[in-house]
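Mind docking chain Y on chain D? Use the hints.
Same order as they appear, the protein sequences are chains D and Y.
The opening position of the first sequence corresponds to residue 1 in this note's numbering, with each subsequent residue numbered one higher.
The opening position of the second sequence corresponds to residue 1 in this note's numbering, with each subsequent residue numbered one higher.
By construction, these hints were calculated from the structure, which means they are not laboratory data.
Short, incomplete list of chain Y residues facing chain D, as computed with Cβ under 7 Å: (1) Y32; (2) N34; (3) K35; (4) E49; (5) K98; (6) D110; (7) R126; (8) P127; (9) I165; (10) K248.
Where chain D lies over chain Y, by a calculated footprint (3+ residues, C-beta under 8 Å): (11) 36-47; (12) 112-118; (13) 133-146.
From the three backbone atoms N, C-alpha and C, an ideal C-beta is built for every residue, glycine too.
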Amino acid sequence: MGLTNLEKIIALQKKTSHIRNLCILAHVDHGKTTLADCLVASNGIISSRLAGKLRYLDSREDEQIRGITMKSSAISLHYSTGGNEYLINLIDSPGHVDFSSEVSTAVRLCDGAIVVVDAVEGVCPQTQVVLRQAWLENIRPVLVINKIDRLIVELKLTSQETYTHLQKLLEQVNAVTGTLFTSKVLEERAEKDAEAQSSCTENGSVDQVYDWSAGLEETDDSDLYFSPDRGNVVFASAIDGWGFSIHQFAEMYSQKMGISSSVLLKTLWGDFYLNAKAKKIMKGAQSKGKKPLFVQLVLDNIWSMYDAVVTRRDKEKVEKMVTSLGLQVMSRDLRHSDPKVLLSAICSQWLPVSQAVLSMVCEKLPSPAEISAERVEKLMSVGARRFDSLPEQTQELKKAFLDCSADETAPVIVFVSKMFAVDSKALPQNKQRPLTQEEIAQRRELARQRHAERQAANQSAESPGSADAGGASTPAAPASGAVTDALCARTEALSVRTAVDEDNKEHFVAFARVYSGVVRKGQKVFVLGPKYDPSLALRALPEGCSVADVLPSIPHMACCTVDNLYLLMGRELDELDEVPSGNVLGIGGMEEFILKSATISTSPACPPFTPLNFEATPIVRVAVEPKHPSEMPKLVRGMRLLNQADPCAEVLIQETGEHVLVTAGEVHLQRCLDDLRERFAKIEISASEPIIPFRETVIRPPKVDMVNEDMGKQQKVAVIHQVKEEQMKYPEGVQVDSTGLVTLTTPNKMATVGVRAIPLPEEVTRFLEDNVELIRTMEQFSLFAREGKTQDINQKILENIQDFKVKLERNLQGRKWRGAVERIWAFGPRRCGPNILLNSVEGYHRPSVWHCLEREAEIRDFDNSIASGFQLATLSGPMCEEPLMGVCFSVETWDMKLSAALAQQDSIDKDSQAAEHNNDDQIESSDPHETNASSASSNRSRSRAEASGSSVDCYGPFSGQLIAAMKETCRYAFQAKPQRLMAAMYTCEIMATAEVLGRVYAVLSKREGRVLQEEMKEGTDMFIIKAVLPVAESFGFADEIRKRTSGLASPQLVFSHWEVISSDPFWVPTTEEEYLHFGEKADSSNQALKYMNAVRRRKGLYVEEKIVEHAEKQRTLSKNK
Amino acid sequence: MSIFTPTNQIRLTNVAVVRMKKGGKRFEIACYKNKVMSWRSGAEKDLDEVLQTNTVFVNVSKGQVAKKDDLSSAFGTDDLTEICRQILAKGELQVSDKERQSQLEQMFRDIATIVAEKCVNPETKRPYTVSLIERAMKDIHFSVKANKSTKQQALEVIKQLKESIQIQRAHMRLRFVLPAKDGKRLKEKLRTLIKTVESEEFDDQLEMVCLIDPGCFRDIDELIRCETKGKGTLEVLSLKDVEEGDEKLE
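Next comes chain D alone, as it looks inside the complex:
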């Protein structure tokens, strides 16, 4: 078949019933791209000799190097059979798990799928996944059993064995489809049951007879399965270029043997044999030990062919076969030393795979016009919304879908499933095209002129040297120069057109399909984002408006003009003027409007299509940084482009300033990084483990020790270094009593603060965390209130605050917390965190944080300093400078010995306590090392005090001292209690099959994960495991779990909560039992200590570690001594 030209394809695009949109799906390395190659070769785009080796659709360099497909790419093919001409839009998809998002984008645009299965490997994890994807998208699959040659050449199976092998394989595939089917039926039934249940309870009568049949018996599922006699299975070897369906052989033999082809078609696959005497086909080949028909008529022929060509290399026999089959084999192939060449030369003529596959596709797969109503409804109903709940106008569009007409009147509906980046050079506009005659002539003329100029210039350059009568020659020189310049400019102008575009950034082309109407170049359309709601828009827009009108802006909707339309031809694009419905196409110039996917329509009533269901969610997180810090803007731009180009990658900037890239897996990550480096950012980048946050907290003293012995009864073994440690922890001036009350005096001996740290109950912490926003608004109000300004407080917010207070009271039960809620001084850090400052000072009745509710103020002076000190202390804890969580600091004593002058000053201050105690500002002021420390302090009372000159001493301003003292006191109070680290936890949902369950558990427990529950998904053999896993251990988790389970388990990670790590980071063995267990050094791994030291090391804090472990084992001799 010759090269198909563009006109033909354009003509075919208009015949909707002769279009087939299909994708090739399979497990990695099962031969998708090779099969695609064979199909491409049938159209003469590549040589059939190269088919299977070229991998035409793998256009990326890394795809070719790695040998795996990484993106889905489409190509339009032409196929004619029996006078009918078909246009086949073929989409090749990747098989690797990491790129299953690409599969989703491909599947969405198709009506049918070719599922390829390796005859040797059988059903693999990804095969199941793609079958499920096809199922979920309601597209019809056909099966290609590939690599049958491996059974012959590698496994050396006999034809009989092959038959049974293939039978088993088919069963496996059908089993997968079966489970999909049963799970759906069971789900439906469960829904029905639930409905019935609810109706039953309403009626008050319970069904006496329970219907045990799960509904499976009633539903017919026979048309779902693959079976050769149905004609939806092709046996093939894409690498050798052959493939057949039973259909072909049935035709062939019906003439030869005189048995009708319909009978043969039914019996060629199955337990039938040919009774040679009776010339009859009989049942029960297996029981009688006869060769089944399939073996005898089909497989044996192929086997003998391989035997002759590959194994024995019997020239004569080959020739005989070739002539008997009526084939023409070139003598060049016959002489070739590699038997594979000859084999593919013969086979590709005898049983061309493209013929077999394409004819099956055309017969068995639906055309775009045959789209099922069920699928349309599924596409149109977003999320949980039922189709019936959509606006009427929208429901009417269903008809447009079903008609799939290319009429002028039909509304245009296009779905864009992904955006892909194209080099500007690859765009057809910028392509090098052969020059026209005039252009050549023009160029020739230019060149000639230039030549003439040069000669003239040379002459004039020579002449001034000799001629002193330069009057004639000197004006000539600049003149000629000017002409040259003009010429250059003209030549440049010619080349500039292409050059400009090359400099431009990447172009994005939308990968899309027309579901209805005709898309034209220059047409104005609506671009509807995934979150667009047609009912809102319909209300906002006037009746019967069109895109051309000036419209009010509606969320998630944009208007734009279709710039360019392309025919996707693998790595090439061809420009088109219009595309009728039912076709796959590329749309250029949409990058401004579409992020990843979108719906394009001329009707505002069109709903956005349901989002693509991705089998793999992005879970591998890395922090990306440029090699040179100055290239940050380039990186950000590159990441934006990457986000647009990749349906599955996510990029975000975190509060810490990290640029985080989230990908589906390690291979995907690698590709994203390569893309960033070479295409989008074009800079050197480095990827590293992201920073993991921790929290610090205190707990109640544990009752049992590390070996689960009761603490109270045991005698502590006195260890000298521990006594020393106790002393070291608290410097002079800090008094700690046995109950954990810490008192500290400011350096100028003016004030003394006593603070106790108390762990907050877990529920309270969580409750505070959930209500951060509310606390923040409350703070704002009280800030305004203190300034004497009145602000209208929203009644609803007021109620919310009241409600919050009541709930907090309910949570803080018990003797210890009596009246605590009324005494809350502040929340922290940042005035809205999950820590509480409690006012327990005798005789100081300070209004609590709730005073914005009642509004009256009687605050002691320097009150702010105490609160700021608390804010600072909670912002960074003593363990590793991470924020605190769930700690209550109760101020028990606060004595001031202020001079009279200062006291007087205070009274002035009191009425107008301007609150400038932003916690951050004291970070600076509290630190004596800070060069501009004193400058940063902004407390007004301080400035007053300073102005009066009474409290200026060598220790700096008094308020600063108090802040520092308070901060230190809090830190020591914290340290006086058993400290613990809190780790961020992921909840992890793992889908796994039963056989790999054990390995999933192994990986989880190795990474400190904890399984919460495990249940079996009804109707399948999949287990769903729910576990929690520390974020710190999640790096590389996805990869490890996939490796260990051969891809049969796929995890999903979502941040859930903070959890206290039970081990004490400062733990050393103290009791005898512990010594027995852990030894004196206790060097068995301490999880909390490990985390803490890692953070401290990263931050450059002091880590209590020996520089050299063993003093004697240092190599100190230099070589020559």
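Here is chain Y on its own, set in the frame of chain D:
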């Protein structure tokens, strides 16, 4: 290896000497290298891992042991271990290679952490990560000085970094309220110190919200306090004007 030939010069290997002058005498003890700092910081708790021997010397390299009388007169005890502890705690020593290296590394990290905390990328108003700052510091060949405080060095480094990357101190957001007549007078003076004015209201008094460089705070504070004689108020709204929360790039 050549054949071992005896030499009359004995080299001290793996020995760090800690010296102390007390009572007019010099005392030395022989310790292992890279261990004394760990002992002082409390990470090493085993004395035997620090001391080569618990003898107190007058000169370690010559092997001259201190006399008992001298020891008891200087230290008031003749318990050698106790004397060793005292010398270890207070004596002077040459810092060993690894000790110095780890100290400098730690300071380098500390400086980078401080810089990262204080600064933002002016374009995005987001902080840089510590590792990026570290790399930038290496690029400008910044060397840590062990005898200067890390904060001081961090402030210096910020100035130097400004030449190579887009970086600035995170701005402080201030709000001040000035009486009307002072407001007019001070406005021009303040203008030079303020980076950007976010809002300005001038009716019976001047109210301004603005961003400033934290270095100018002292001047502004001074100015307002002195010029308005305590009538103007100054308030810090936020110390670091940074973007909060995660942002999805789209």
